[in-house]
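Chain order of the listed sequences is A and B.
Heads up, the final residue of the first sequence is numbered 494 in full-length UniProt numbering, and it's a clean run with no missing numbers.
Heads up, the final residue of the second sequence is numbered 706 in full-length UniProt numbering, and it's a clean run with no missing numbers.
Note that these hints are calculated values from the structure, not bench results.
The calculated DSSO-like cross-link candidates involving lysine-lysine, where the alpha carbons are at most 30 Å apart (straight line), are:
| hint | chain 1 | residue 1 | chain 2 | residue 2 |
| --- | --- | --- | --- | --- |
| 1 | B | K232 | A | K414 |
| 2 | A | K488 | B | K232 |
| 3 | B | K160 | B | K47 |
| 4 | B | K159 | B | K48 |
| 5 | B | K342 | A | K455 |
| 6 | A | K174 | A | K107 |
| 7 | A | K307 | B | K268 |
| 8 | B | K544 | B | K487 |
| 9 | A | K174 | A | K307 |
| 10 | A | K455 | A | K307 |
| 11 | B | K221 | A | K488 |
| 12 | B | K48 | B | K93 |
| 13 | B | K327 | A | K307 |
| 14 | B | K487 | B | K432 |
| 15 | A | K433 | A | K455 |
| 16 | B | K47 | B | K450 |
| 17 | A | K332 | A | K371 |
| 18 | A | K433 | A | K414 |
| 19 | B | K232 | A | K455 |
| 20 | B | K232 | A | K307 |
| 21 | B | K159 | B | K93 |
| 22 | A | K414 | B | K221 |
| 23 | A | K307 | B | K221 |
| 24 | B | K221 | A | K455 |
| 25 | B | K257 | B | K165 |
| 26 | B | K432 | B | K546 |
| 27 | B | K500 | B | K93 |
| 28 | A | K51 | B | K342 |
| 29 | A | K371 | A | K174 |
| 30 | B | K48 | B | K500 |
| 31 | B | K159 | B | K499 |
| 32 | A | K488 | B | K342 |
| 33 | A | K307 | B | K342 |
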Amino acid sequence: MKNKFLILNLFVLFILASCSDDDTKTTQEFVVAFENPSVSLTTEEETKEVKLVFSRNAAENGTATITYTTVNAEYDTHFTTNPASEEGTITVPVTAGSNSATFTLNKLQNPIEGTEMSVTFKLASISNPESSIQGNTSLAVSFTESAALGGVLSPDWGGSTYPNQVFIDLSSQKMTPIKRDTWELAFYSGSENRVFLNPALRVSAAELTQFTDINAVTSSTVFDPPLVINSFDLFTQSFNEVIVNSVEEYKVGVKVSYSVYEPYVDTSTGELEGTAISEIAVNDEENKVYLVYMGTEIEDTPAEPGKINTGSVDRGWYKIRVTMEGDSYKLKYAPLDATDYSEVLISKTPQYNSTAFSLTNNKALSVEPAKAEWDLNFSGVFATEIGTTYSDFVLHNTLGGTGVYEVVIEDGIKSYEDFTMSDVIEDSLVFDKKNIIGSGWRSTTGPSSSTPVSKNDRYYVLKDTDGNYYKIRFTALLSESGERGYPKFEYNLL
Amino acid sequence: MKQLTYLILFLTVSFGFAQKVQIMDSLVVNDLEEVVVTGQYNPQSVKKSVYEVTVISQADINRQAGNNLADVLNQTLNISILPNASTGKSSIKMFGLDGQYVKILVDNIPLVNDEGFGNNTDLTQINLDDIEHIEIVEGAMGVQYGADAVAGVINIITKKSANYKWQIRPYLQEETIGDEYGWFDKGRHIQSLSVSNNISEKLYANITATRNDFAGLWGDKQGESYQYNDGKRGYEWLPKLQYNTKGMLSYQAENMKMFYKFEYFNEKVSRYDSVVRENYNPSTQTRNPISSDEIFTSQRFMHHLNANGSFNSGILYNVSLSFQQQKKNAETYNYRILEEEKFDVAEFEYESRSIYYSKGTFSNFLNESAFDFQVGYEISQNEGYASSISGDYDGENIRRKIGSYDVFASAEYVPNSRLSFRPGARVFFSNKFDTQTALELSSKYLFKNKMEVRAVVGTAPRMPNFTELYSYFVDANHDVRGNEDLKPEEGISAFIHAKKIFEFQNNFSLRSKLSVGYIDVDDRIELIIVNSSPLAYQYTNIDKYKTWNVSFSNGFMYQNISGNLGISYSGVSKVLEGRNYDDDYLKALQLNASLSYSVPQWNTTFSTYFKHNGPEYQFLQDQDENGETILIRGKQDAYSWWDASIRKAFYNNKLQLTLGARNLLDVTRVNSTSVSGGVHSGPPSNVLLGYGRSYFIKLLYNLNFN
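Input sequences plus hints: build the corresponding full structure.
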């Protein structure tokens with residue numbers, strides 16, 4: 001009898017212990033909002049696409065109902081929408097499986113100069129079950145150009161191979177992506193005569209102090225006397241003396257890597273005096289030939305989730321010599337082992353910070369927008385003077401007059417949401433170091449994981465060239481699938 | 001925790017009316033004449049063995065409620081268990097040498113795992129539910145057990161017979177993990193059922209199935225559904241679910257024994273990323289937290305067919321044939337935490353080993369008592385696979401077949417009953433490495449005063465692993481390469497053991513053993529800088545490792561009390577060529593003690609186990625205030641394991657209840673300055689060794705009938 005009782009006990013325990021448990025369920029609600037709180041149309045723009053975003057993919061078809069109020073604007077006279085307004089409401093379809101919806105705003109007339117003309121759209125209702133309206137519940141559309149109130153931007157780095165760098169103007173919400181490998185050198189437009197190297201392509205350059213004749217340098221050129229270089233070893237954190245006998249030997253230490261001998265890359269902070277190429281002298285004899293490492297090619301294959309593939313294939317070696325001709329730069333350049341060279345004159349362009357030049361395509365080009373029309377440079381890849389290369393690097397336009405500082409949230413420091421104009425510390429704004437944001441907005445290693453992630457303990461305050469103050473917070477670094485190179489940030493006008 | 005208390009109450013009430021029967025707990029009786037097989041021509045008593053064999057008996061394992069090998073080896077002198085909370089693995093360290101130098105055998109043949117065959121074993125994957133005892137031999141045993149048996153051999157001997165026609169043995173074991181316990185998602189839950197049947201006088205069959213659900217240590221962490229990126233998602237120790245099924249069929253005739261053994265093992269380890277991509281959407285003011293998780297599933301199949309006996313000519317044979325395979329599969333996916341939705345699901349083979357194996361020994365050719373010799377072979381066809389994700393292999397999956405074909409011979413010369421010698425040699429032929437050899441000379445002398453002295457000198461190589469051979473991690477900033485030209489490392493060891501049993505009045509007996517050992521590993525493979533500018537690393541045969549060891553252990557019995565007291569003092573010296581390094585011997589101390597007291601009237605045994613691991617030192621490179629590189633002596637603090645249990649039998653030993661506690665001193669992390677950091681990380685300031693004090697209850701039911 002007792003035995004049976006015990007066996008029964010055991011059985012009960014067996015069954016109990018063999019089941020498994022379920023976690024408590026959490027759910028994602030369906031929220032609809034305007035992507036941005038404000039938008040403005042320039043005089044030339046006639047239509048604007050307005051985007052509604054959802055917190056998750058819609059589970060079923062439905063509609064979003066939008067109402068609007070106007071200032072000095074009338075439907076059908078000054079503007080129309082598509083889908084059209086019926087009795088003051090616009091009905092936008094919500095499609096199952098999608099995570100956004102759009103409608104179009106058409107401008108029929110420009111406002112009379114000096115008068116305000118605007119429409120404010122408001123989300124009134126969503127027909128989908130268990131949905132709500134939250135966040136950007138209304139959208140202010142101005143028919144005159146005005147500084148954006150804020151928004152969400154996803155700069156197009158192009159994924160884990162980072163093919164692009166992206167220039168961003170916050171007030172006009174304009175992003176200008178450009179491929180990283182379209183230029184190697186940039187010639188400063190200001191009064192000093194400076195040449196920048198493209199850090200996004202990992203270009204470096206070393207002065208060949210014994211040479212002013214570009215044709216005299218090839219990879220087999222011997223240094224007489226040999227160069228004695230006091231090189232800093234990143235691993236042992238000490239200086240080593242290196243003897244370099246030839247250009248060929250020198251390549252190892254000029255290339256951007258942990259073993260780079262000296263700062264052959266422009267300083268990360270971006271001061272003019274930190275360029276790897278010395279200031280171009282008016283006296284021709286002082287301008288030496290430089291050995292230029294052309295950086296690494298943009299890769300084709302994306303990296304595994306969380307990882308980067310920013311290149312290991314060298315783009316080769318060039319030699320250059322830059323002199324001044326009047327107020328213009330004269331560039332002589334050739335592949336390292338070429339017997340002949342090309343020559344080009346590059347003039348200064350005062351409305352731009354610099355003029356870029358592609359050695360491989362033999363042409364000058366403007367990479368940056370005009371200097372008053374960008375605030376942030378999402379460089380992506382970024383080589384530093386000690387030979388390390390970062391990804392996810394963000395710079396601001398110090399040469400154009402943009403200032404930035406970082407706010408790390410600690411006790412007594414306001415959160416991003418609570419931060420207002422009165423909290424801005426003018427003196428903290430940094431106008432002379434372009435790497436204040438740098439890669440500090442993300443972390444690539446955690447205590448038990450190597451999944452990189454944007455940090456949520458900090459935000460940035462930026463003063464743009466027009467005197468607008470914005471606060472900026474990064475919200476993502478990876479795509480939903482975990483691929484690197486998909487940054488996202490929000491910003492708000494203070 | 002509360003739930004465990006209820007469980008204990010529930011069981012106690014159930015047994016409250018248990019009748020008291022005068023029966024000795026058969027497991028308390030300690031058999032001094034244990035029969036051992038490791039390194040023997042034929043199974044024989046510990047005393048006759050030419051090797052010094054340490055035995056962990058089934059009684060010891062039962063008192064510790066040991067379910068897997070990691071549960072019991074913690075208390076053994078000169079052995080440390082290193083758990084890894086982030087992979088779920090527990091690896092062994094013996095004489096300071098890691099799991100690559102220790103060979104783990106089951107019934108005399110190596111057991112496969114994800115990364116190796118006999119070595120590199122994850123001790124938590126070796127279930128002990130069907131075992132008879134464990135044998136440990138210290139020192140290199142290359143002649144008998146081949147490559148990788150450098151620091152020692154651990155041989156797990158399974159049961160091959162039963163005393164009753166039917167033995168049905170279910171058991172349940174509930175454990176806390178630290179102070180965490182819950183019915184399902186916290187604690188450790190083990191259920192096991194073993195059925196044995198003596199089909200006929202000659203035929204025995206057993207099936208054992210065990211489920212071991214280790215729910216992981218939560219600690220400060222919040223599990224899988226946690227949605228914020230503050231490092232709290234996931235587990236401190238990964239949850240792990242194991243299923244183990246073993247079958248044994250043994251046949252016993254007059255001049256031969258045969259057995260066939262089968263095992264299926266399945267393990268699921270879930271790794272939930274602590275990093276949460278919160279994906280805050282400022283437009284909707286909502287978040288879409290996503291994490292990248294991994295689930296690893298390991299499956300092992302093992303078949304082992306063995307025949308041993310004697311031919312009519314008197315020649316003894318022992319032949320094993322085995323096929324073993326262990327495959328670790330990974331499932332990686334991204335997880336929308338709020339929607340509980342997996343996406344980007346990818347499944348692939350992560351690592352695997354597949355092995356065809358045979359070993360045979362033949363002896364007693366002369367049928368003469370003074371002189372005997374043994375010849376043998378050991379061959380294996382080992383197919384290994386490492387996916388590109390499991391290491392840095394330049395994005396390539398590595399699949400390699402390594403065949404090894406060894407022959408060995410030894411001779412045993414026993415001029416009289418006191419003295420014996422055994423020289424031996426093995427030659428390793430391989431399709432991958434140059435031919436290697438291993439040598440050995442063992443000797444034993446029994447003094448008149450009952451003192452036994454054994455001296456063993458042996459060698460064994462260690463074969464390079466995949467990481468060392470095939471790594472390739474070269475990009476703009478790194479250059480780390482494997483080296484296909486690596487030679488096997490060479491291990492040599494010398495041990496002297498002196499043992500004496502003292503018998504006193506009142507049934508007091510003492511068994512004292514003094515051992516002195518020395519192990520030297522030459523051509524150690526290390527990752528070294530082969531070029532400083534540009535910086536390049538490569539695996540190279542370059543370093544030396546030397547360790548000596550003195551241990552003194554005493555086992556005693558007095559009436560119903562038995563126990564053990566041991567001390568071990570060792571020194572480790574490393575020579576790192578090409579680097580500024582100090583080859584001074586770094587000393588370490590270990591102590592162990594156990595005490596067991598049985599009360600026959602109550603059918604109860606009280607036991608306690610204690611092991612102290614003294615501070616361990618290691619030289620590290622650091623910088624002084626002038627930026628000069630200097631060597632400092634890093635230290636890992638001392639720590640101790642203390643376990644205790646009460647074991648009681650009810651109803652004629654039909655029911656056995658074990659209540660106990662592990663890690664009574666609540667060891668978790670131990671401060672350390674002796675671990676150097678990786679290329680991108682600084683040295684950790686502590687080492688994770690345990691999850692804290694935990695309690696267990698085990699209820700076993702023995703149903704025996706004829």
